[in-house]
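Asks: Residue-level listing of the chains:
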Amino acid sequence: MPDYGLRIKNSGGNIQIDSLYRNYVLEKSGSLDINGLHSISIANNPNPPIAAVRPTGGTDRVCGVFDVSYSSPNYTAVRFFGGKGGVGQSGSCPFDYKIYTLLEGKSAEAYGLRVYDNAEKLVYDSGYIPFKILEVGSAVIGTTYNHPSYTNPYYIFSPWHSGIVGIYIPNQGPVFSLKSGIAKQSPTSVQGMWTTCAQLGVTNMSFADYSGTTFTIILCE
Amino acid sequence: MAYGLRVRKADGTVILNTPDMVGRIRYSAVVASGASGSTTLSDIAGKTAYAMSIPLEGAKIAHSVSIAGTTFSWTAQSNARMASSISLVLVILTD
Numbered sequence: 368m369p370d371y372g373l374r375i376k377n378s379g380g381n382i383q384i385d386s387l388y389r390n391y392v393l394e395k396s397g398s399l400d401i402n403g404l405h406s407i408s409i410a411n412n413p414n415p416p417i418a419a420v421r422p423t424g425g426t427d428r429v430c431g432v433f434d435v436s437y438s439s440p441n442y443t444a445v446r447f448f449g450g451k452g453g454v455g456q457s458g459s460c461p462f463d464y465k466i467y468t469l470l471e472g473k474s475a476e477a478y479g480l481r482v483y484d485n486a487e488k489l490v491y492d493s494g495y496i497p498f499k500i501l502e503v504g505s506a507v508i509g510t511t512y513n514h515p516s517y518t519n520p521y522y523i524f525s526p527w528h529s530g531i532v533g534i535y536i537p538n539q540g541p542v543f544s545l546k547s548g549i550a551k552q553s554p555t556s557v558q559g560m561w562t563t564c565a566q567l568g569v570t571n572m573s574f575a576d577y578s579g580t581t582f583t584i585i586l587c588e
Numbered sequence: 045m046a047y048g049l050r051v052r053k054a055d056g057t058v059i060l061n062t063p064d065m066v067g068r069i070r071y072s073a074v075v076a077s078g079a080s081g082s083t084t085l086s087d088i089a090g091k092t093a094y095a096m097s098i099p100l101e102g103a104k105i106a107h108s109v110s111i112a113g114t115t116f117s118w119t120a121q122s123n124a125r126m127a128s129s130i131s132l133v134l135v136i137l138t139d
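Top to bottom, those sequences are chains A and B. Residue 519 in our numbering sits at position 152 of the first sequence, with consecutive numbering throughout. Residue 88 in our numbering sits at position 44 of the second sequence, with consecutive numbering throughout.
I should point out that these hints are in silico values taken from the structure, not numbers from a laboratory. Hints are supplied without guarantee of correctness; some may be wrong.
SDA-like mimics (lysine to any residue), calculated; alpha carbons at most 20 Å apart, straight line [unchecked claim]:
| hint | chain 1 | residue 1 | chain 2 | residue 2 |
| --- | --- | --- | --- | --- |
| 1 | A | Lys376 | B | Thr92 |
| 2 | A | Lys376 | B | Ala93 |
| 3 | A | Lys488 | B | Thr119 |
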C-alpha cells in the first residue's frame, strides 16, 4: 500500500500511478541509419535508462542496444548498433529509437498532475511522455515473432545475446563477434537475428558459441 | 470510460489513457562481471513484474535474469571464448 497520495489504475486493473514506484518517461527519441555503433548521450542521471528500437529497413537489417554507458553514479549514454543480418555480412540498418528514464526534475508544465514519493522523488509528472507497454512475449532468434494487435511498435529485447563464430578456410579463416538484434519482417512481425559486430582475428578451426537464443520481447509505444 | 485518468498535452494529444499499461521501476543494480546473486522483493507478490538485463560492456555477455515468486536472480554468463559483462539488471512493474 502506498504510504499516502494517489493511486490510478487502468481499465484492466493495473496500477498506472501510485506513490511507491517511479514511472519511466521518455527522455530522448530519434532515428539512425548505421552500420556499426552509435552512442546517444543522455542527461547524467543515476537512474537506469531503458532503450527501445523500431527497425524500419529490410527484413535482413538488424538493430539493437549494444550497451549502456555508466560512470558511477550516473548513466551517461546508450550505444545502439545496426547492421545486416548474418555472419560476416555488412550493411546499414535504419531504425528509430526511444530512451526512457526516471527524471529527477519536474517538467516545465505549469498545469497538470505531479506525484512525489515519500522521499520527495518525482514519481509521475503529466508533463512527460510515459513509457507504455503494449505486449510482452518470449521469442527465439531466427524465428518470427508475430504481434497482430500492434502495428510498427518499438521493441525492447532482453537479454541482448552475444556470439562468436570461427570459420575454417584453409589455411586460416575469420573469427567474427556477433550480437543479437531485431529485424522488421512486417508492420506486425519482427525476428531476432544475429549481426556481425567485428572481425576479431583468424582461426584454423570452425566453431560457434552463443550466449543463448531465447529472449523476452517487450512491445512498447 | 468507466473510470481512470486520461492525460492530454496542451495540444490535445492523449499521452496517458485508461487502457494503458505503463512501466514503473521496482529494482535496479549494476552487477559485477562473473558475479551471480539474488534478492527478495516481497512487495512484487501478486504483481506483474519483468526482469531485464542490459550489458555495460557490449562486447561481452550480459547476465541472465529471472523472477521466481518474489526472488529476482541474476546469473553471470560466459564461455570459453566470451567473457561476462558488467550488467545493469532491472525489475519493471506493470501493476
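Asks: Each hint: holds or not?
Replies: Going through the hints against the structure:
no. : hint                  : result
1   : Lys376(A) x Thr92(B)  : holds, 14 Å
2   : Lys376(A) x Ala93(B)  : holds, 16 Å
3   : Lys488(A) x Thr119(B) : violated, 31 Å
Checked against the numbered hints above, the structure violates only hint 3.
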